[in-house]
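Trainee: Next come the chains, spelled out residue by residue.
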Amino acid sequence: MYKMQIESEEDCLRPMNCQLNVLSRSDGSAMFTQGDTAVVTAVFGPAEVKPQRILIDKASVEALYRPKTGLPRVHDKMRETLIRNTCSTALLVTLHPRTSISIIVQEMQDSGGLLACAVNAACLALINSGIAMKFLVAAVSCMIDHEDNILIDPNSKQLKGSKASLTFVFDSIKKNIMACHTTGRFTQLQYEESLLKCRNGSDKIFSFYREIVRKVHQEHDRMSPTCRT
Amino acid sequence: MEVNVGDVVLPGDVIQAPNTNDKGKLILGPGLCRHMDEVLITTSGVLRKKGRNVYWVDSHRKRYVPVKGDTVVGVVVNRSGDTFKVDIGSSEQASLSYLAFEGATKKNRPDVQIGDIVFAKLLEASRDLEPELVCVDSYGKKGKLGVLPEGGFIFTCSLNLIRKILNPKCQMLKILGSEIPYDIAVGMNGKLWLKTKSIKETIAIVNAILTAEHLQHHEIASLCDDVINALKGM
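From first to last, the protein sequence lines stand for chains A and B.
Be aware that the first sequence starts at 1, since it is given in this note's numbering, and climbs by one per residue.
Be aware that the second sequence starts at 1, since it is given in this note's numbering, and climbs by one per residue.
If you are wondering where the hints come from, they were derived from the structure by calculation, not from laboratory data.
Hints may be right or wrong, so weigh each one.
Simulated restraints, written as ranges between beta carbons of each label pair [unchecked claim]:
{"#": "1", "chain 1": "A", "residue 1": "D36", "chain 2": "B", "residue 2": "D226", "range": "54 to 60 Å"}
{"#": "2", "chain 1": "A", "residue 1": "L64", "chain 2": "B", "residue 2": "V77", "range": "52 to 58 Å"}
{"#": "3", "chain 1": "B", "residue 1": "N229", "chain 2": "A", "residue 2": "Q218", "range": "30 to 36 Å"}
{"#": "4", "chain 1": "B", "residue 1": "Y182", "chain 2": "A", "residue 2": "T94", "range": "38 to 44 Å"}
It should be emphasised that the depicted structure is a prediction, and the values quoted were computed from it without experimental measurement.
Every residue, glycine too, gets a C-beta built ideally from N, C-alpha and C.
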């Protein structure tokens, strides 16, 4: 298990905490928290695929989202679709045809920004599993309150006074938008401003990923006899 | 982001000015992929280099993806006509022809049952084809390959631990072997087969190997000593 914590700064994201390899049976797993929002993700793959899901030229990616209580509802299905589409684009699916890659997300606590937290946790679990990816993804949420202020990564208390909430997912190479989910009403200017703020916030998440991987390999590096340069 | 050898890398990073040999050839190992004119990194880990132009990424994985030429430990799960289906822990079961054993002919079939453990070599493994195993080398000799004897114990571990204990620098198997007689078959698919004289010794060696994943060199040597002393004390 590898732990990592980042403290938050002004006008920035909530403190992030992560533990990799928490589950023993899955090929990759991560427990990720942003503030008080916590999510556990498991990745299985490339594994055997059911005949109805088989694709001859690429891996079949599926995402499952489980809420903390009750059965999955419509908005959970929406989250599954977003996570699946984001991860299908990020993974090198053509490298593993006729296999399946499953990403299972379990909500542990929702304190605002759950969709963003779920996408980031899925990315960390994919990093842990070692499946080939073209780039990494990071999701940042923000909200617009009744005074037209834009707040990055709000918690559930702040979200109570919001008139719109937006979640953006960026890729790690060019920081293009990979996915976007919004609720509420906002003007185009507010959208563009939020996008800019979220894009800056995503830098923190990508450097967090790098730090985590550095810590994982530092622990093993000193002892691994495969060092050769 | 541009990275150099020895850096921690993430998918999406690009190698900065890789060296090629005199003919302009560059050899890309696991974790690297060619994208137009650049070398793209596809798994997270540490970038390594050997010689002048061989690059790869040292990463941590549990799930095995078949690679041509690897020796693996598998379990025979099915028999369809002239081939056996062997589970090697990958997405697809591998096929093993009954003629791929030493001295096997159509009249003289090898004695392989469902549930047997085999130590085989991957003859063919590409993403589009079913993996194919053989229990004989290109001279027709079996060497160390073939059906493993009964009475052993199979366990799985991560692929980086396998590479670690197989590395000539790692003394673990030697130190354990100097005091405890054992038979081991290490499969590159993360499966190990172990046979010793008693259950206690088997459990001791399994625990020693699994614990070694998080230890340094000198710690591994002292771990082995501890295990051997504990066994002698019993």
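Trainee: Confirm or reject each hint.
Mentor: Against the structure, the hints come out as follows:
At about 43 Å, the beta-carbon gap between A:D36 and B:D226 misses the expected band of 54 to 60 Å. A:L64 and B:V77 have their C-beta atoms about 27 Å apart, which leaves the hinted 52 to 58 Å range violated. For the pair B:N229 and A:Q218, the beta carbons lie near 31 Å from each other, so the given range of 30 to 36 Å is met. Checked against the given bound of 38 to 44 Å, the beta carbons of B:Y182 and A:T94, roughly 43 Å apart, stay inside it.
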